Structures are given as C-alpha cells and as structure tokens.
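Trainee: Sequence:
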Amino acid sequence: MADLAVTAVGADRPGIVATVAEVLQERGGNVEDSAMTILGGRFAIVLIVSTDDDPDQLRAALESATGELGLVVSVSRTGTTRRPDEPTHLLSVYGADRPGIVAGVTRTLAELGANITDLETQVVGRDEPVYAMVIEVVAVDGGLDDRLSAVCEQLGVDHTLRTIEAQTY
Numbered sequence: 002m003a004d005l006a007v008t009a010v011g012a013d014r015p016g017i018v019a020t021v022a023e024v025l026q027e028r029g030g031n032v033e034d035s036a037m038t039i040l041g042g043r044f045a046i047v048l049i050v051s052t053d054d055d056p057d058q059l060r061a062a063l064e065s066a067t068g069e070l071g072l073v074v075s076v077s078r079t080g081t082t083r084r085p086d087e088p089t090h091l092l093s094v095y096g097a098d099r100p101g102i103v104a105g106v107t108r109t110l111a112e113l114g115a116n117i118t119d120l121e122t123q124v125v126g127r128d129e130p131v132y133a134m135v136i137e138v139v140a141v142d143g144g145l146d147d148r149l150s151a152v153c154e155q156l157g158v159d160h161t162l163r164t165i166e167a168q169t170y
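Counting from 2, one number per residue, gives the positions in the sequence shown under the numbering used here.
It should be emphasised that the hints constitute simulated quantities derived from the structure, not laboratory data.
Since the model is a prediction, treat every value here as computed from it, not as a measurement.
Note that CB positions come from ideal geometry on N, CA and C, so glycine has one too.
Any given hint could be a false lead.
If you anchor each label on the Cβ, the simulated ranges turn out as follows [said to hold, decoys possible]: (1) E64 to G144: 44 to 52 Å; (2) G68 to L120: 30 to 38 Å; (3) D128 to D4: 42 to 50 Å.
Please work from the sequences and hints to get the whole structure.
Mentor: Here it is, written out as structure tokens:
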C-alpha cells in the first residue's frame, strides 16, 4: 500500500466528510492522518491515505462521488514515510490586526530553524477585534523567545511561548 495525500476544497455543506470517507472505505483505503476546517465558508480537507490505488484512480473515484458537492480534489504521492516530529512549543500571538503578522513571525521561526507543524489564525471579537494566531512548532529553545519578542514588538503584537511536554488526546 502507498501513502497518498488527498486534498479537497469546496463550499461548506453537510456530507462532504461522509462522502469522501465512504469512497476511501469502498476502495480499501485507510485514513492515516487528517485535518479539516472551514475558512471563509469554504471547507478544506487534507488527508494522508494508505491505499492500493494510484493517485489518478483515487482522484477519479473521488471526483465522481463528490461531483454534486462541487469539490476541487487533488491526489498525489506523499513521497515520504517519515513521521513528523512532535511539536515542542506552542506560540500564541495576539493584537490589533494588520498586514505582516504571519509573514514576520513565520520568517523569524524559519530563520531559527523551527518547523511549523500547525498554524491557525482568527480575528475574534466584534466591538474590539483582536487578531489571534496559534502556532505549534518543533524548535530548539535557544534564543527563540528573545527573537520572537523582538519581532512581535516591531509588529505591535504580544506573544506567549510555552513548551509542550507531551501531546495527549
């Protein structure tokens, strides 16, 4: 069996996950890893699937089953069997919304050799909106908080950084 990366994006509506999961089950595929979310009324799904299908076969089956749902489907080989490292730190950034927050913070993380494993952003509150970004990273602690403090000060936002001991579900 090969691992394939499956993505599907479309207008949010009931039945998307069920339809995709049923196609995978019918074809003997197994979902190994997944992330799903709604952004701006669009539903996005990313799956790592173990299957005997090649990418074109699985894409055709998914497109056929999800045609009425209006999804844009992509399937490709993962090209790796390496499991990602568990995140070591949780970074929260918050303040007034403005362009450049994501770029500035993520550039700093990249320069420090930190790998982002998950990133979510959201503007919360109506009367006094606050931009909030939460990032899980794999990083060596040396100088991380000092560099983040400097970039966050330049961007006019606050941050908290804490280590993650173990992730439990």
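Trainee: Give a verdict on every hint.
Mentor: Verification of the hints:
| no. | hint | result |
| --- | --- | --- |
| 1 | E64 to G144: 44 to 52 Å | 48 Å, holds |
| 2 | G68 to L120: 30 to 38 Å | 31 Å, holds |
| 3 | D128 to D4: 42 to 50 Å | 46 Å, holds |
Of the numbered hints given earlier, the model fails none.
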